[in-house]
Amino acid sequence: MAGMRLDDFIEDFQRDEAAEKRRLAEEKSYEITEYLDDVEREFQQAVQGDSMFGSTAPEVFVGRSGYPDVSTGVLSPMAADSDAADFATSGDWYQKGYQIDDVLQRRTGMLNSTRSAKVDVNDVWDGFVGTQREVAIADHPVDVEVGLDGTPDIDLSLDDVSTPTGPRARATNADLAENPHVPRPVEKTLEDDDWQAEGAMTYLYRRGFDVYDINTILSAGALGQGHQRRLVPTRWSITAVDDTVGKFLRGGLQHSDTVDQVSVWTNEYMGNRYWVVLAPGNWEYELVEMKAPESVWNPAAANYYLSSASEGWEGRTSYVDETAGAYYASRLAVLEHLHERDRQAKALVLREVTDDYWAPVGVWQVREGVRHAFDGEYGVAESFHGAIREIVPQIPVPLGQLRRKSDLVAGLQTSITDF
Amino acid sequence: MFNAIVSADTLRTTLDSVSVLVDECKIHLEADGLEIRAVDPANVGMVDMRLSSSAFESYETDGGVIGVNLSRLEDIAGMADADQLVHLELDEETRKLHIAIDGLEYTLALIDPDSIRQEPDLPDLDLAAEIVIEGRDIDRAVTAADMVSDHIALGVNEGEEFFYVDAEGDTDDVHLELTREDLIDLTAGPAHSLFSLDYLKDMNKAIPKDAEVRMELGEEFPVKMHFDIAEGEGQVTFMLAPRIQSD
Numbered sequence: 000m001a002g003m004r005l006d007d008f009i010e011d012f013q014r015d016e017a018a019e020k021r022r023l024a025e026e027k028s029y030e031i032t033e034y035l036d037d038v039e040r041e042f043q044q045a046v047q048g049d050s051m052f053g054s055t056a057p058e059v060f061v062g063r064s065g066y067p068d069v070s071t072g073v074l075s076p077m078a079a080d081s082d083a084a085d086f087a088t089s090g091d092w093y094q095k096g097y098q099i100d101d102v103l104q105r106r107t108g109m110l111n112s113t114r115s116a117k118v119d120v121n122d123v124w125d126g127f128v129g130t131q132r133e134v135a136i137a138d139h140p141v142d143v144e145v146g147l148d149g150t151p152d153i154d155l156s157l158d159d160v161s162t163p164t165g166p167r168a169r170a171t172n173a174d175l176a177e178n179p180h181v182p183r184p185v186e187k188t189l190e191d192d193d194w195q196a197e198g199a200m201t202y203l204y205r206r207g208f209d210v211y212d213i214n215t216i217l218s219a220g221a222l223g224q225g226h227q228r229r230l231v232p233t234r235w236s237i238t239a240v241d242d243t244v245g246k247f248l249r250g251g252l253q254h255s256d257t258v259d260q261v262s263v264w265t266n267e268y269m270g271n272r273y274w275v276v277l278a279p280g281n282w283e284y285e286l287v288e289m290k291a292p293e294s295v296w297n298p299a300a301a302n303y304y305l306s307s308a309s310e311g312w313e314g315r316t317s318y319v320d321e322t323a324g325a326y327y328a329s330r331l332a333v334l335e336h337l338h339e340r341d342r343q344a345k346a347l348v349l350r351e352v353t354d355d356y357w358a359p360v361g362v363w364q365v366r367e368g369v370r371h372a373f374d375g376e377y378g379v380a381e382s383f384h385g386a387i388r389e390i391v392p393q394i395p396v397p398l399g400q401l402r403r404k405s406d407l408v409a410g411l412q413t414s415i416t417d418f
Numbered sequence: 000m001f002n003a004i005v006s007a008d009t010l011r012t013t014l015d016s017v018s019v020l021v022d023e024c025k026i027h028l029e030a031d032g033l034e035i036r037a038v039d040p041a042n043v044g045m046v047d048m049r050l051s052s053s054a055f056e057s058y059e060t061d062g063g064v065i066g067v068n069l070s071r072l073e074d075i076a077g078m079a080d081a082d083q084l085v086h087l088e089l090d091e092e093t094r095k096l097h098i099a100i101d102g103l104e105y106t107l108a109l110i111d112p113d114s115i116r117q118e119p120d121l122p123d124l125d126l127a128a129e130i131v132i133e134g135r136d137i138d139r140a141v142t143a144a145d146m147v148s149d150h151i152a153l154g155v156n157e158g159e160e161f162f163y164v165d166a167e168g169d170t171d172d173v174h175l176e177l178t179r180e181d182l183i184d185l186t187a188g189p190a191h192s193l194f195s196l197d198y199l200k201d202m203n204k205a206i207p208k209d210a211e212v213r214m215e216l217g218e219e220f221p222v223k224m225h226f227d228i229a230e231g232e233g234q235v236t237f238m239l240a241p242r243i244q245s246d
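For the protein sequence lines, the chains are A and B, in the order given.
Under numbering that gives the first Met the number 0, the residues of the first sequence are numbered 0 to 418, in order.
Under numbering that gives the first Met the number 0, the residues of the second sequence are numbered 0 to 246, in order.
What the hints contain is simulated information worked out from the structure, not anything from laboratory work.
Remember, it's a predicted structure, so these values are computed and weren't measured experimentally.
In this text, a Cβ means the ideal position worked out from N, Cα and C, and glycines have one as well.
Any given hint could turn out to be false.
According to the in silico footprint, chain A covers these stretches of chain B (three or more CB under 8 angstroms from chain A) [stated by the list, open to error]:
#, stretch
1, 36-42
2, 113-126
3, 232-243
Here are the computed lysine to any residue pairs in the SDA-like style, where the Cα-Cα straight-line distance is at most 25 angstroms [unchecked claim]:
#, chain 1, residue 1, chain 2, residue 2
4, B, K200, A, K95
5, A, K246, B, I115
6, B, K200, A, E321
7, B, K200, A, S405
8, A, K246, B, M78
9, A, K187, A, K95
10, A, K95, A, T55
Model the full assembly from the supplied sequences, consistent with the hints where possible.
As structure tokens, then:
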């Protein structure tokens, strides 16, 4: 039998690989369907014909469609013996090594008991919204009794910024089954209705609250000046907290010394590969994302899909439209690292989304992926562009294409005093 | 002491050349006119501006420095028609600037000059290439480049003696070549530098379309752009630091 021409062989081989990837994606979606069947059974057991659902709620969810009339919900695990705290999105998920399946399992195992509500919630501490807000500000999962109206809608709602949510059921009411404990700093921000939301967010951050906690508190409309306290859709709230805390950290570094060498850090989490390059100079930051062709992220294309956004020393003046929540999540992670060292730098984050990232788990994955890139070893390079040349063979796009997309790769901003 | 009368048009043009970079600045009151030097907070763009006393209807001062909020002063100047006169008088006691426009009186609180960021000296750079170009050609290049990219390369082809502009976007490119004939003047030398369009767009706003702009360029070096305002009674120099690849 005659051999194949090498280029044909390679082409065929690549086609097989593409088919294999499609098969995997189908398998994954069967897995999701199976989860959802389990979820439905769990739900039947949990509710058991009774319309009252007793559970422990670690988190809340605020939808964005129909704003300012939104769907707002209490999230609680259906399995009675579960550790409710472990169902809430946090950096612990990374520490525990959770993969996409683990996240989807937890999220589909939680019931989102929702009601529609007006976002204007200043002084609303009773009824369903009141209970929901108590859950949001408490420092541990809260026992609640939820009255449900009708059967749940078993579905999985995926979003690139928010963590997925599972089955939803309409709630008639919700009551606290205990008196939740609210941490002192949260009480302080809550009581002061003359405090701008941005200031209150950074205050909580400085008092050791991670962005996950602050996001939930902000989402429940518990921060800001009294007349402006509103429920904030979860998706918006995540980005607002990353942005606000990031600005606070950036402001603190504007007059700091710069890092004194070019360092390269890397990490891989849930099929996302990160490269972070820090170089001497005034603060500049850019995120470049490369999404694999034929993945769920970029299904139709034959080439990598590139997106980017950047900022200079004074930050951005316009909204980030290409990389959305990932921009602020990864910027926060970089700024936290620099804040620890009290140094400013020029920072480039490259994110390669492979097709192993088969379902979106939310932007927390980016935040933790970049945060933990700084845990390990790092490489040192002579120059920023020298580092880029060494990284390029490890990423799926050539230097020319990267240079067209990336402001930092095209050239680093110098200052007048450099000359 | 400072007491001067100037046309609203001249005042606005003067302020515009500085306000594209900073919100507040120091104005040096010199015997032969006003001098302003300012650098943006990121230390990337710089302006050096002089307005001669002969640009004024009347001009008297015994020297000194005042600090002003530029957008406030621009708003006030914006109240006048282009050919209306603006009367500026410094009240030494209260450290306020009295501004009168045809019966309208405005008292502007000044800023302590010491609280305004120290401006660096304009660095003396030995830039190999120099062109003289019309303001409208800069406008055309910047506008086209902005359609495809966030940055723009300015350079001179030494061998073939032309000035060029390059912008590379994700998919689209812009290229412009201006030969000696298209320019007012050209001194060829090795020059190629990349600049942020955010800054260049702002500077472009302050360059009159009919101005003759003397542009000095080098290899990954800042660009200097010199031009006149107020019918030759004012001189502006912009300097912009490049984005570089050699780092």
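Consistency of the hints with the structure:
Interface restraint, the stretch 36-42 of chain B with chain A: holds (4 residues with C-beta to C-beta distance below 8 angstroms; minimum three). Given a C-beta distance limit of less than 8 angstroms, the hint that chain A covers the stretch 113-126 of chain B holds, as 3 residues qualify and 3 suffice. With a cut-off of 8 angstroms between beta carbons, the stretch 232-243 of chain B has 5 residues touching chain A; three or more are needed, and the interface restraint holds. For the hint pairing K200 of chain B with K95 of chain A, the CA-to-CA distance comes to about 49 angstroms; that exceeds 25 angstroms, so the pair is violated.
This hinted pair checks out: K246 of chain A and I115 of chain B have alpha carbons roughly 23 angstroms apart, not beyond 25 angstroms. Only pairs whose Cα atoms come within 25 angstroms are accepted, and K200 of chain B paired with E321 of chain A is accepted, the gap being roughly 22 angstroms. About 20 angstroms separates the Cα atoms of K200 of chain B and S405 of chain A, which keeps this hinted pair within 25 angstroms; it holds. As the CA atoms of K246 of chain A and M78 of chain B are separated by approximately 36 angstroms, the hinted pair breaks the 25 angstroms bound.
For the proposed pair K187 of chain A and K95 of chain A, the alpha carbon gap of about 32 angstroms is over 25 angstroms, so the pair is violated. The straight-line distance between the Cα atoms of K95 of chain A and T55 of chain A is roughly 22 angstroms, inside the 25 angstroms bound, and the hint therefore holds.
The structure fails to meet hints 4, 8, 9 from the earlier list, while all remaining hints are met.
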